[in-house]
Amino acid sequence: MKKSVILGVATVAGLAAAAATAGTVDDVKARGKLNCGVSSGLAGFSLPDANGEWQGFDVAVCRAVAAAVLGDSSAVEFVPTTGKTRFTALASGEIDMLARNTTWTFSRDVDLKFEFAGVNYYDGQGFMVPKALGVSSAKELDGATVCIQTGTTTELNLADFFRANNISYEPVPIETNAEAQQQYLAGACDVYTTDASGLAATRATFENPGDHVLLPEIISKEPLGPLVRHGDHEWGDVVRWTLNALVSAEELGVTSANIDELSAGTDNPEVNRLLGTEGTLGEMLGLNADWAASAIKAGGNYGEVFAKNIGEETPIGLARGLNAQWTDGGLLYSPPFR
Amino acid sequence: MSDVSFVRTEMLPEQAPPASEVGAIGWIRHNLFSGWFNSILTLVSLYAIWYVLSGVLPWIFQSVWNANSLNECREIMIATWGSTHGHACWAVINDRWLQLLFGFYPSHLYWRPIVSLILLLVALAPVLYSDRVSSKMLIVTAIYPFLMPFLMWGGTIWGPIAAALGFVVGWGVYTLVSKQLSGLFGMIAGVAASVIWWLVLSSYFVGALDSVLPIGIEAVQSRQFGGFMLAILLGVVAIGVSLPIGIVLALGRQSDLMIVKYLCVGFIEFIRGVPLITLLFVASLLLNLFLPPGTNFDIILRVMIMMTLFSAAYMAEVIRGGLAALPRGQYEGADSLGLNYWQAQRLIIMPQALKISIPGIVSTFIGIFKDTTLVSIIGLFDVIGLASAIRADTAWNGIYWELFAFIAALFFVVCFSMSRYSMYLERKLQTGHH
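Note that the protein sequences, when read in sequence, are chains A and B. Okay, so the first sequence: first residue is 1 according to our numbering, each after it adds one. Okay, so the second sequence: first residue is 1001 according to our numbering, each after it adds one.
For reference, chain A alone in the conformation it holds in the complex (with noise of 0.2 Å):
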């Protein structure tokens, strides 16, 4: 292993040139895996069980992208990273994409230089307070302490809420999501703030979580989504196109447990164009004729994954909300396969 390494740094020249023109997808081909950059561990986001294998809501857009590209979904090399390193892994190619709950920012996409490739949770800034403190809404948080992770786009939210509304507060600051737990519990901090998919996901784990509530003001939009390098146009669409397709499915009554049949042939032409059964989807994308039906297979489609990960029936228990499709009212809407 150690010459191979050796051997790799010693014609960096040579190859530069060759893998500079190559796109990544046919580096990701080439290889036969995906690297995926997820998180080193949040609830129902990703986090490896007991076993070792990888779960969670972003981890299934990877699998599903790997499932499109390689035709297995296991083809996953999952790159745990944290708040500080993901974007210079994604910029510096040690991922091939990143699936991190990131917020879709102005400045990430245009100065970082990545390119969002959609929306897989729409999420938005909440907060958490004991119910002892008597509280309803969070205008009347004047002078309360706040635990608040740094470095993020909460910490920057808030400081307008708050300006905004003409009140004060004083911030506790920490530096991750276990941190604050145990702050918030000890009573260091009145309130806690953060993503109301995290808050719920806190509140859950608490020994007595009926003592704490939510509060209803959504003070920001956080839409998380998966991203990849600028200028890599082919790539980015084939991320794009993959949650698209996990979303569609969803839209047009495709799961993991009908697929098969669909897959046969049907009378509706979009499913048809969708599970490569007509047109040539696939072939414009550069993959096989049945990509999509892969990635939905991967994991089943948005509804499914949703359901499985961080849904009602799980203990992190999120209701679909905004993330509902557009026809029952939320904000999915994937643009026509066509």
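Worth flagging that the hints you see were computed from the coordinates, not collected in a lab. Do not take every clue at face value.
Unchecked claim - A few chain B residues that face chain A, going by a derived Cβ cut-off under 7 Å, partial list only: (1) Pro-1017; (2) Ala-1019; (3) Ala-1392; (4) Thr-1394; (5) Asn-1397; (6) Gly-1398; (7) Trp-1401.
To be verified - Computed far set for chain B versus chain A, every beta-carbon distance over 12 Å: (8) Val-1052; (9) Leu-1070; (10) Trp-1111; (11) Arg-1223; (12) Glu-1317.
The structure presented is a predicted model; accordingly, all values stated were derived computationally and were not measured. Even glycine gets a Cβ: it sits at the ideal position worked out from N, Cα and C.
Given the coordinates of chain A, work out where chain B should sit on it, guided by the hints.
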């Protein structure tokens, strides 16, 4: 009036000392209650100890060992003791201890790290206890650096053999050339031959032999390494390699050769001037910016190199301290015996300098071993990284003390053993002239 003075002529029989001066009571009186102030301090201390233990011991021993989630733990605690406070939920350790020890290493291959660890102890025995273990055992020590990567990573057996052959090639060229020309040329040619072998020829050698005789064991990816095994792996490599590099750097820093001296000074000062976490970030992320896409430079190997260089710089300064503490007469004595530089170092200077530096060296060892936990920040799953990954599981979210107590116990065992060994070594090498 008679001036008879009385002088006792016979000795009184010895009497037992008063009960209050000997035995347990005497000891207590002397050491704990020798005055009112000390008595108060003793009582306060006893209360403090009782207070801590009365909290900690029930927490440790009145605990839940079998449950599938934190909530189940809490239910059992409520059913048994009526409260969840002051009771540990060791079930998380029971559930995940294999993962905390081995990371994601395939479970049917656990024997390989275990064998590696046992062989490590065998390989270390002749070095650590040179007076009790036969020096023939040193052959295990020599083979171990090639055997360990083979066991841990698996793959073809020809890789480590080729790596070992590099030393044979270098040695062969050295003896050939130094006979023909001079020792210095021989040294340079030997090193060059080894490097050429490792970089260019060995891959053909491995490829050819592997296609003829494919002997090997199942390969394990570096990403599957983790847990306490990763800490031991990184720690052992950093400790084992940094000591020789540190000695060379320390000698280089005192060298009269200007280029050697400034290279060593520059290296030591640069590495010591940079935080370890920065070096790890460079290793894990920035290095990829300089390498072409698709280059597979193993992440664990990168981290190993950085940690080794880091501890080597500190080691060099510790050993330089030992060298500086030697009286000048030792150097002059070596010169007057007509020993050349390497003989003097080997026979006179180094044995004394290293002996003086033992506490510092072991301190650096312990430090670098504990620093291995920093790799969790760059996304490797060492024990700390796994602890947060386990908390991300909804079954165990919200559990802290039990995991960290377990991790602390693991590290304490290893670090305390190193510390005790260094004290044993100091006693053994004590020559009694201060």
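Hints breached by this structure: The structure conflicts with hints 1, 2, 7, 9, 11, although it agrees with all the remaining ones.
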